[in-house]
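Enquirer: Can you build the whole structure from these sequences, using the hints too?
These are the residues of each chain, in order.
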Amino acid sequence: MTANTRPGPALPGLVFARLRWQTLRNASRIVLGQSIRPLTILLCSLVVWVFVFVVSYVGFRFLQQQGFELAGGVVGLLFELLFASLAALLILSSGLILYSSLFNSSETAFLLSLPVSTDQVFAFKYQGAIAFSSWAFVLLGSPILIAFGLTDAAPWYFYALLPLYFLGFILIPGSLGALFCLLVVNLVPQHRKQLLILAIVVATVPAAWLTYRTMASMQHESLSRDGVERLLSRFKALESPLLASHWVAWGLRSAARGDQGPVELGRSFYYLGLVWSNGLIAYVLTAWLARRLYRRGFNRLTTGGTLRKRYGGHWLDGVVDRLLFFIDPQTRLLIVKDFRTFRRDPAQWAQVLLFGSLMTFYFLNIRRLFVREISTGYQNGISLLNLSATALLLCTYTGRFIYPMLSLEGRKFWVLGLLPLRRERLMWGKFIFSTLGALVIAEGLVLVSDLMLEMPPEAVVLHVLAVAVLAAGLSGLSVGLGACMPNFRETDPSKIAVGFGGTLNLVVGLLFLLVILGLMVVPWHAFAMASEEVALAPALAVSVVGAGVGLGLVIGAAAVAIPLHYGARNLRQMEF
Amino acid sequence: MIQLDKVTKRYGNKTAVDGLSLDIPAGELFAFLGPNGAGKTTTIKMMCGLLFPTAGRVSLGGYDLVNDGDRARQLLSYVPDQPFLYEHLTGREFLRFIADMYGLDRDHGRRRIDEVIGLFQLQDFVDDLTQCYSHGMRQRTVFASALLHEPRVLIVDEPTVGLDPRSVRLLKDLLRREADRGTTIFLSSHSLDVVEELADRIGIIDRGRLIGCGTLAALRAHSASDGSLEDVFLKMTEEATSEAQASGARQPPLAAS
Chain A
1 MTANTRPGPA LPGLVFARLR WQTLRNASRI VLGQSIRPLT ILLCSLVVWV
51 FVFVVSYVGF RFLQQQGFEL AGGVVGLLFE LLFASLAALL ILSSGLILYS
101 SLFNSSETAF LLSLPVSTDQ VFAFKYQGAI AFSSWAFVLL GSPILIAFGL
151 TDAAPWYFYA LLPLYFLGFI LIPGSLGALF CLLVVNLVPQ HRKQLLILAI
201 VVATVPAAWL TYRTMASMQH ESLSRDGVER LLSRFKALES PLLASHWVAW
251 GLRSAARGDQ GPVELGRSFY YLGLVWSNGL IAYVLTAWLA RRLYRRGFNR
301 LTTGGTLRKR YGGHWLDGVV DRLLFFIDPQ TRLLIVKDFR TFRRDPAQWA
351 QVLLFGSLMT FYFLNIRRLF VREISTGYQN GISLLNLSAT ALLLCTYTGR
401 FIYPMLSLEG RKFWVLGLLP LRRERLMWGK FIFSTLGALV IAEGLVLVSD
451 LMLEMPPEAV VLHVLAVAVL AAGLSGLSVG LGACMPNFRE TDPSKIAVGF
501 GGTLNLVVGL LFLLVILGLM VVPWHAFAMA SEEVALAPAL AVSVVGAGVG
551 LGLVIGAAAV AIPLHYGARN LRQMEF
Chain B
577 MIQLDKVTKR YGNKTAVDGL SLDIPAGELF AFLGPNGAGK TTTIKMMCGL
627 LFPTAGRVSL GGYDLVNDGD RARQLLSYVP DQPFLYEHLT GREFLRFIAD
677 MYGLDRDHGR RRIDEVIGLF QLQDFVDDLT QCYSHGMRQR TVFASALLHE
727 PRVLIVDEPT VGLDPRSVRL LKDLLRREAD RGTTIFLSSH SLDVVEELAD
777 RIGIIDRGRL IGCGTLAALR AHSASDGSLE DVFLKMTEEA TSEAQASGAR
827 QPPLAAS
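From first to last, the protein sequence lines stand for chains A and B. Numbering-wise (my numbering), the first sequence opens with residue 1 and increments by one. Numbering-wise (my numbering), the second sequence opens with residue 577 and increments by one.
Hints in this document: simulated from the structure, not taken from any laboratory.
Pulled from the structure, derived: some chain A residues nowhere near chain B, Cβ distances all over 10 Å:
(1) LEU43
(2) LEU78
(3) TRP135
(4) TYR157
(5) VAL319
(6) ASP328
(7) VAL352
(8) ALA459
(9) LEU504
(10) LEU511
(11) VAL522
(12) GLY550
(13) LEU551
(14) VAL554
A few chain A residues facing chain B, derived, Cβ under 7 Å:
(15) THR23
(16) SER106
(17) PHE110
Idealized CB from N, CA, C, for every residue including glycine.
Expert: Structure follows, in structure tokens:
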């Protein structure tokens with residue numbers, strides 16, 4: 001220690017704050033320097049925000065028209081349900097993000113080797129994780145509450161108090177997520193994945209059961225005031241005054257009623273104080289625990305198991321290999337290699353599994369929303385909506401997982417490049433892998449949706465065909481553009497996916513999706529709905545739908561051929 | 577300055593470091609050698625307080641790494657084999673962050689930053705974002721940050737990998753100069769020529785156990801070999817392998833001071 005050196009920083013929080021400010025400033029300069037990416041992020045966020053706002057506004061207006069008092073019991077319970085769900089999601093997401101950030105990042109060892117106390121490192125990481133995990137909370141929560149405020153003609157301070165409630169509230173589930181993360185890593189470092197799966201099952205099974213029961217009872221309930229109240233009474237347990245979701249829901253309702261007198265306004269500030277005091281004490285307790293457990297947990301996680309994990313063959317690899325018997329052996333080997341990599345990365349397949357399961361659950365239950373007969377309009381609208389959701393899942397899957405695949409070969413390109421095979425094979429292997437994977441996921445989902453909605457056979461055939469075109473086209477685009485704009489320096493697939501090429505791929509994929517759905521599916525549904533109102537010539541419908549399908553097939557073929565052609569040319573010319 | 581007292585570290589049922597004892601005085605340049613997986617990086621991580629010993633005690637400047645880690649870390653700088661830099665900071669901003677972290681006052685910090693920029697010839701790129709740096713540029717920036725607060729202990733893991741000959745020369749001169757100024761240097765490396773040229777003492781670890789420790793002359797005597805450090809190293813590790821394979825029995829750990 002030299003004469004001019006103090007023992008560690010005097011104000012470590014300030015040093016970390018400056019670090020955060022500088023990294024954010026520099027990163028935003030880079031992002032703003034690109035033209036497509038910030039625009040895409042902004043546009044997508046805006047679309048989601050407006051969509052949630054419109055749905056919420058229509059919903060609140062409907063409740064108002066049904067004679068519900070907006071600041072009354074049913075809406076209050078809905079708010080409690082909303083905040084309880086968001087809290088559950090925040091606990092899970094902040095716990096997972098903090099695990100990755102506290103224990104699994106290259107920055108961790110660096111920060112822990114500095115002369116700064118462990119709780120300061122934890123605080124720095126905690127702030128980042130909370131900010132990252134709560135953006136969805138803001139994106140989904142704010143339009144719902146603003147729509148409520150507008151419908152209920154809430155006073156101005158309702159809107160002013162919203163961000164304060166949000167900030168105070170996220171501290172509680174964020175701290176709980178951090179607490180679970182620290183305890184799991186310290187107590188069961190080698191069984192953390194099993195514990196996580198168990199926690200998800202424990203949380204999901206009762207929620208799924210409750211949803212199923214609610215959906216089932218909706219078959220016997222009309223959307224009358226009494227019916228809705230009876231349905232929501234199933235969630236009465238959430239009204240416990242010990243839950244933070246209860247404080248936020250009541251506090252915001254009181255703020256919305258603030259113009260009725262100082263008592264309501266005072267009550268809102270009381271709940272705000274309750275939220276903040278509990279949020280801060282939860283954070284302080286977690287930081288105190290982190291001071292004792294963080295470094296210990298890092299040590300336990302690093303050294304709790306054996307040095308090497310042994311991986312063997314898996315029967316699934318054999319199944320894929322045998323299923324692809326008709327493909328030449330070299331391409332087949334490449335496909336099995338990609339499948340094995342995908343299989344060994346739970347972060348990848350877990351996301352697909354989670355979204356796929358949620359959508360299957362929704363599709364299986366959608367029919368239960370309707371009492372007996374479903375109207376043609378609803379039937380067509382919902383099936384189209386389900387198909388679009390499936391297509392969006394495909395677009396995300398190919399953009400997030402398939403586009404980065406060729407770039408990720410970067411470090412081993414010298415191995416693959418020297419193999420006695422044409423380089424295009426590499427691309428074809430990934431294209432077949434992607435298309436088959438997409439087909440298995442998406443066709444299954446669409447078939448379940450259509451069967452549950454009792455769609456006519458011609459609609460099912462059209463949907464299956466459109467999904468096949470989308471699976472092949474989106475795979476062609478992702479693999480081809482991935483080969484045209486590879487990023488061999490980056491090793492993190494998520495960073496490749498959100499880079500310039502990845503964003504361009506996402507935008508092109510979304511446009512392709514809209515065009516294919518617009519050409520191949522929308523005309524049939526439009527005719528089906530219109531035929532309820534007016535008599536249409538069947539020949540006209542057949543020719544318009546046929547032309548749309550034909551054009552869709554041509555565009556689909558182009559989406560496969562053109563990017564793969566240019567991708568192959570780029571690969572052949574590539575020096576490495 | 578660095579003391580390891582019968583340190584053992586286990587990963588589950590695998591022993592990575594087995595009863596290691598070392599005493600390295602201030603101003604010594606100590607080189608730590610061993611085959612891949614011998615326990616070098618685990619030892620270094622325990623010396624930085626990143627990992628805790630399963631048994632035994634590690635201390636720096638008299639501070640126990642487990643109980644008084646923050647004070648111990650104030651004395652040291654650690655340059656890992658894969659150094660970390662914030663990609664969205666410039667080299668100068670990173671140096672400023674390190675200066676603040678070690679509590680250098682503003683003027684002194686600024687002066688030291690200018691000195692290390694000159695010393696490691698970072699002028700041409702220090703105001704660029706580090707994500708644009710080559711491996712050599714990153715390594716030089718990390719060394720500059722490691723020496724910024726004039727640490728009393730410098731722990732370096734594989735410093736010469738990927739450096740050009742000129743940078744290696746610069747690094748060797750620097751390590752020697754720092755040791756001569758009183759900094760204790762713990763150098764882990766596979767570059768035996770660098771170690772042979774620089775080290776005051778050399779420790780050789782194999783399967784977590786110290787199989788030799790001393791000056792090059794002492795190691796030559798211990799291994800009954802007159803050759804280079806490479807010959808000595810190969811002979812000692814091969815003998816240790818043969819013994820381990822033949823007997824399967826453990827030898828008592830060798831204490832060194």
